[in-house]
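Participant: Chain A is already provided as a structure; the job is to place chain B on it using the hints.
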Amino acid sequence: AQSVSQHNHHVILSEAASLELGCNYSYGGTVNLFWYVQYPGQHLQLLLKYFSGDPLVKGIKGFEAEFIKSKFSFNLRKPSVQWSDTAEYFCAVNANSGAGSYQLTFGKGTKLSVIP
Amino acid sequence: GAVVSQHPSWVICKSGTSVKIECRSLDFQATTMFWYRQFPKQSLMLMATSNEGSKATYEQGVEKDKFLINHASLTLSTLTVTSAHPEDSSFYICSAKLTPDSNQPQHFGDGTRLSIL
Numbered sequence: 001a002q003s004v005s006q007h008n009h010h011v012i013l014s015e016a017a018s019l020e021l022g023c024n025y026s027y028g029g030t031v032n033l034f035w036y037v038q039y040p041g042q043h044l045q046l047l048l049k050y051f052s053g054d055p056l057v058k059g060i061k062g063f064e065a066e067f068i069k070s071k072f073s074f075n076l077r078k079p080s081v082q083w084s085d086t087a088e089y090f091c092a093v094n095a096n097s098g099a100g101s102y103q104l105t106f107g108k109g110t111k112l113s114v115i116p
Numbered sequence: 117g118a119v120v121s122q123h124p125s126w127v128i129c130k131s132g133t134s135v136k137i138e139c140r141s142l143d144f145q146a147t148t149m150f151w152y153r154q155f156p157k158q159s160l161m162l163m164a165t166s167n168e169g170s171k172a173t174y175e176q177g178v179e180k181d182k183f184l185i186n187h188a189s190l191t192l193s194t195l196t197v198t199s200a201h202p203e204d205s206s207f208y209i210c211s212a213k214l215t216p217d218s219n220q221p222q223h224f225g226d227g228t229r230l231s232i233l
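These protein sequence lines map, in sequence, to chains A and B.
The first sequence begins at 1 in the working numbering and counts up one residue at a time.
The second sequence begins at 117 in the working numbering and counts up one residue at a time.
These aren't lab readings, by the way, just hints derived from the structure by calculation.
Just so it is clear, CB atoms sit at the ideal spot from N, CA and C, and this is done for glycine as well.
In the DSS-like style, the derived pairs of lysine-lysine whose C-alpha atoms are separated by at most 30 angstroms in a straight line are: (1) A:K61 <-> A:K108; (2) A:K108 <-> B:K171; (3) A:K108 <-> B:K180; (4) A:K111 <-> A:K58; (5) B:K182 <-> B:K130; (6) B:K171 <-> B:K130; (7) A:K108 <-> B:K136; (8) A:K69 <-> A:K49; (9) A:K108 <-> B:K182; (10) A:K108 <-> A:K69.
Selected chain B positions facing chain A (Cβ under 8 angstroms, derived; list incomplete): (11) Q158; (12) S159; (13) L160; (14) L162; (15) P221.
This is chain A alone, in the form it adopts within the complex (with noise of 0.2 angstroms):
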């Protein structure tokens, strides 16, 4: 079975500064990964995913993700945050369940406070 980790549960910043969320998984086959956003009294809002290809990914509002096949992570990045950028961000991990539903595993959460 899959799992995954994230290793913050909350990191604080100021605007501008720079953000950099640990993700690691452990699945010894082929996975698809995605980060998810939670902007608070929201729902979950898929942020990037990756399937193939370019293991850099970019995401929507500035935020991208490197897929790191031999250290099983999918870091979150973004080189300058905004006061808007606080929310709660997952990690997921999508592998074949077997039972051909792609069923998704989530890590804990990050919950990111900007700071004005």
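Facilitator: For chain B alone, coordinates are given in the frame of chain A:
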């Protein structure tokens, strides 16, 4: 597009009652829907996967008779928590996919906060 509506958003009820949560895909047909549960400061845990017209597949440790899932149409799945107890209090989130294909992202509802007194 790809909006998933979950209802109710918050429910408080007495111990022993049954609670039904609805998950609807508003602008697409979802062959597969997922139900998750989230405890405070923990990750989303998959409870079950439901495919339209067939029985749900439950994750290990999830009681089928406790958490009844019905996916009767391509736009509606329901989760019924039967004889709910305080330990069932949690945040329940559904998601929907157009097809089971792994290349399709999941679209999430807003979640339902269930509080059992």
